[in-house]
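Protein sequences, first through last, are from chains A and B. Numbering of the first sequence is given in the working numbering, commencing with residue 11 and proceeding in unit increments. Numbering of the second sequence is given in the working numbering, commencing with residue 7 and proceeding in unit increments.
Calculated directly from the structure, the hints in this document are not laboratory data. It is possible that some hints are incorrect.
[Unchecked claim] Rough simulated footprint, nothing fancy, chain A against chain B, three-plus residues with beta-carbon under 8 Å:
| no. | region |
| --- | --- |
| 1 | 105–114 |
| 2 | 132–140 |
| 3 | 150–163 |
Using N, Cα and C, we set each Cβ at its ideal position, and we do this for glycine too.
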Amino acid sequence: MFMDKSMKPKIGDIFVYVFIVILVGLSFLGLKTMSVDKGNIRVQIELDGQVIDSLEVWQDGEIEAQEIRVDTGEGGYNIVKISSEGVVVLDANCPDRLCVSSPTIKVPGQSIVCIPHKFVVRIIGESQGDNAVDDTAS
Amino acid sequence: MTKTRKLTLLAIIISQALVLHYIEGFIPVLAPGAKLGLANIMTMVTLALFGFKEAMIVVIIRSVLGPLLGGSITGILYSLSGGILSGLVMSVLYLNFQGYFSLMGISTAGAVFHNIGQLLTASWIFGTIGILYTYLPILMLAAVITGYFNGLVTRYLLNYLQNKMEIKV
Numbered sequence: 011m012f013m014d015k016s017m018k019p020k021i022g023d024i025f026v027y028v029f030i031v032i033l034v035g036l037s038f039l040g041l042k043t044m045s046v047d048k049g050n051i052r053v054q055i056e057l058d059g060q061v062i063d064s065l066e067v068w069q070d071g072e073i074e075a076q077e078i079r080v081d082t083g084e085g086g087y088n089i090v091k092i093s094s095e096g097v098v099v100l101d102a103n104c105p106d107r108l109c110v111s112s113p114t115i116k117v118p119g120q121s122i123v124c125i126p127h128k129f130v131v132r133i134i135g136e137s138q139g140d141n142a143v144d145d146t147a148s
Numbered sequence: 007m008t009k010t011r012k013l014t015l016l017a018i019i020i021s022q023a024l025v026l027h028y029i030e031g032f033i034p035v036l037a038p039g040a041k042l043g044l045a046n047i048m049t050m051v052t053l054a055l056f057g058f059k060e061a062m063i064v065v066i067i068r069s070v071l072g073p074l075l076g077g078s079i080t081g082i083l084y085s086l087s088g089g090i091l092s093g094l095v096m097s098v099l100y101l102n103f104q105g106y107f108s109l110m111g112i113s114t115a116g117a118v119f120h121n122i123g124q125l126l127t128a129s130w131i132f133g134t135i136g137i138l139y140t141y142l143p144i145l146m147l148a149a150v151i152t153g154y155f156n157g158l159v160t161r162y163l164l165n166y167l168q169n170k171m172e173i174k175v
């Protein structure tokens, strides 16, 4: 069935790599342009699908910077900083620390996710309402 | 190939895939969240030795049993979605477009779609597509490297099976 024994790359392999480059480009584009709504904006912190904290921010510009420490159980923690510049995860003791290296988010629809801790912090615009996500998570 | 021989070979392949799945958990990887995907080698060997149906059987059994060896139950969801999607893509590329793709290319495509399947599942579980955007670039980089490596291993393994073990490929 398998006749070809060559170790050399073939013409189709190029498509695989082009496809990968396109995917990476799209995801960077997606990170930049995630969603739009204006209006009252809330920062919502979720743990394992449950909303554990929800703060209204930015209705009129400046807000006081605050840091929130979220204990995610089993000794895990994520520290979230909310300020005028947006929301960012300052520190966490999850193994991959991708949430810490995630860029600052400010626009509704954006979110920072920490898979190991089942931790999500997302920004929600008023028009989006309470999302229907929590039903699927549990 | 007789029925018994086929059954035995498939059983050996599945157990090898499981062992590979298990020991790769002990191998540290550079990128967070990335894995070597060594079990993918066995999927491709099955694809070459038997065909589509048998390859999917190996993938599904491995994806269900693998997380039970040392993971959580939700791990089954992730490995099943990734495994099935990458199995389908590799089957199509291998069986229909074999002249255009090398095993390294097919393996890389499989790794890419394994990641996509898992990230889509994670997006669904967490309820945000942002997960896809965050994890995809770094996982794609890892997929290029591990995919090429796995393809090469499969190539050598198939040659060995053909020449030394006289298994018809």
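Are there three or more residues in the region 132–140 of chain B whose C-beta lies closer than 8 Å to some C-beta of chain A?
-> holds (count 9)
Take the region 105–114 of chain B, compare each residue's beta carbon with every beta carbon of chain A, and decide whether three or more fall closer than 8 Å.
-> Check passed, 7 qualifying residues.
Counting residues of the region 150–163 of chain B whose CB is closer than 8 Å to a CB in chain A, do you get three or more?
-> holds (count 3)
The earlier numbered hints are all upheld by this structure, with none contradicted.
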